[in-house]
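Student: Sequence:
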Amino acid sequence: MIKRRVAIWLCGALSLFGGTGGAFASPEDIAARQTQAQRQREDLRGRIQTVQKELDTREADRKEAADALKVSETAISQTSRRIVELAADLKKAQTELEGLQRQITRQQQTLSVRRDELSDQLRRQYSSGLSPWSALLSGDDPQELGRNLAYLDYVSKARADTVAALKKDIDRLAQLEAQADVRQKDVARLVSETTQQKEALEAQKKERATVLARIEGQMQAQRAEATRLGEDEKRLAGLISDLDGQLKAAQQAAAEAERRAQEARKLELARKEQAQRAAEADKRRQAAEQAAEQAAQTGRTTQADSDTTSLAAGKGLPKSVRWPIRGTVMARFGTDRPEGGIWRGILVRADAGAAVQVVGAGTVVYSNWLRGFGNLLIVDHGQEYLSVYAYNQSLLKQVGDTVRVGETVALAGSTGGQVDSALYFEIRHRGVAVDPIAYLAR
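Residue numbers (the numbering used here): 181 to 622.
Accuracy of the hints is not assured; some may be wrong.
Said to hold, decoys possible - Straight-line C-alpha distance at most 20 Å; calculated SDA-like pairs for lysine to any residue: (1) K577 <-> L550; (2) K378 <-> A541; (3) K378 <-> T390; (4) K272 <-> K386; (5) K365 <-> L280; (6) K250 <-> G397; (7) K378 <-> L266; (8) K337 <-> Q301; (9) K347 <-> L302; (10) K499 <-> A541; (11) K577 <-> T254; (12) K271 <-> A360; (13) K348 <-> L291; (14) K243 <-> A404; (15) K577 <-> G533; (16) K499 <-> D615.
By construction, these hints were calculated from the structure, which means they are not laboratory data.
All chains, full assembly: derive it from the sequences and hints.
Tutor: Dropping the structure here:
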């Protein structure tokens, strides 16, 4: 309703003043109309403030939705990182389980060899028919008896050693089987937890889509309303400026007429002083030319200094660094953004969950969710060079982490209020955004 009243009033104001022509209007009439337009402008500004208050009232709801988006997208990032960690743990557990199973197989083979050795010893002793009692009761030669008893002692010790080794192998096998059972349970637990985390991730993505749709609807309505009010303000400001120009023109015309009248009355006196005025005018002209020349010289010196300064360039990230992700460039540095302003980096289309790789070695100085950028990661490369990675689905590095060239630091996504999955990438030098294309490999 307020917007409709503002539009109706503005149309009336433009129809009232749009046909004003300075040729037939007196300065008093123009001044009166200008005063009236100023009052109308103040009234419009009051109406705009009223609308702005209504927008501010809705801002609390929008902020609450944005905060909900932050919670959802942060949870998605953490869940994605947990899935990556679980995958690594699962792979490690499976590798250890395979190693334990190979050890169990080797231990079973060793145990079989030990059993065969014991069976062979018992079989040979039985085949020989020799035992301690039979050796004592045989009545043979004492020397032969001594040799038989010594042989039986050797056989007994060998059998005892074989039995002890067999027992040790059996214990080792039982230990390996127990460890394998634990790792199998770990694998089952990791598989179950990974499944639960994936289900939670899908639920969080659905929640984020709902919040994003609500925020986008609010933002579109507010942008449209602010744009319309701004255009109304601009048209009225133009009308007031036009009236001001007409008033000044009328005042100048009146002043010119008065000046000419005075010149006519002082014509005789002007003729007598003509020579003196001509000399003074010549001096003033020379002084003006000298001043203009000095100003031109100063301007050339300033321009030369500026050109020298502009040639100075710092060092930082080398040229032809690797791309953080491969994809179609959707928006380039310096072009207009749909919501207003210009792009200070590039926007690269990327599949959700695609690996985002750092363009140079450095240290992570920011890793968190930021309104308008979603899950944001910033890397300091030294010598006042920073690289910025935004709209990520998940951040895999934390503040203080040291990263190598090409290391995966995030997973691409569409956080921060974006609709399509993409990576927003910036390079900044001394706090100023520069064109990333100039640094990326062709």
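Student: Would you mind marking each hint as holding or not holding in the structure?
Tutor: Here is what the structure says about each hint:
Distance hint between K577 and L550 is fulfilled; the C-alpha atoms sit about 16 Å from each other, no more than 20 Å. Distance check on the hinted pair: K378 and A541 sit about 32 Å apart at the alpha-carbon level, beyond 20 Å; violated. Only pairs whose Cα atoms come within 20 Å are accepted, and K378 paired with T390 is accepted, the gap being roughly 19 Å. Using a Cα cut-off of 20 Å, the hinted pair K272 and K386 is violated, with the two alpha carbons roughly 32 Å apart.
Only pairs whose Cα atoms come within 20 Å are accepted, and K365 paired with L280 is accepted, the gap being roughly 14 Å. A threshold of 20 Å between alpha carbons decides the hint, and for K250 with G397 the separation of about 17 Å falls inside it, so the pair holds. For the proposed pair K378 and L266, the alpha carbon gap of about 11 Å is at most 20 Å, so the pair holds. Annotation: proposed proximity of K337 to Q301 holds, straight-line Cα distance about 11 Å (limit 20 Å).
A C-alpha spacing of about 17 Å is found between K347 and L302, which places the hinted pair at or below 20 Å, so the restraint holds. This hinted pair checks out: K499 and A541 have alpha carbons roughly 14 Å apart, not beyond 20 Å. Simply put, K577 and T254 have alpha-carbon atoms about 14 Å apart, close enough for the 20 Å limit, and the pair holds. Restraint check for K271 and A360: satisfied, since their Cα atoms lie roughly 15 Å apart, inside the 20 Å limit.
The suggested pairing of K348 with L291 holds, with an alpha-carbon distance near 9 Å, which does not exceed 20 Å. Distance restraint check for K243 and A404: the Cα-Cα separation of roughly 18 Å lies within the 20 Å cut-off, and the hinted pair is therefore satisfied. Of the supplied pair hints, the one linking K577 and G533 holds, its CA atoms being roughly 15 Å apart against a limit of 20 Å. Of the pairs offered as hints, the one joining K499 and D615 holds, with about 12 Å between alpha carbons and a cut-off of 20 Å not exceeded.
Going down the numbered hints, you'll see the structure goes against 2 and 4, while the others check out.
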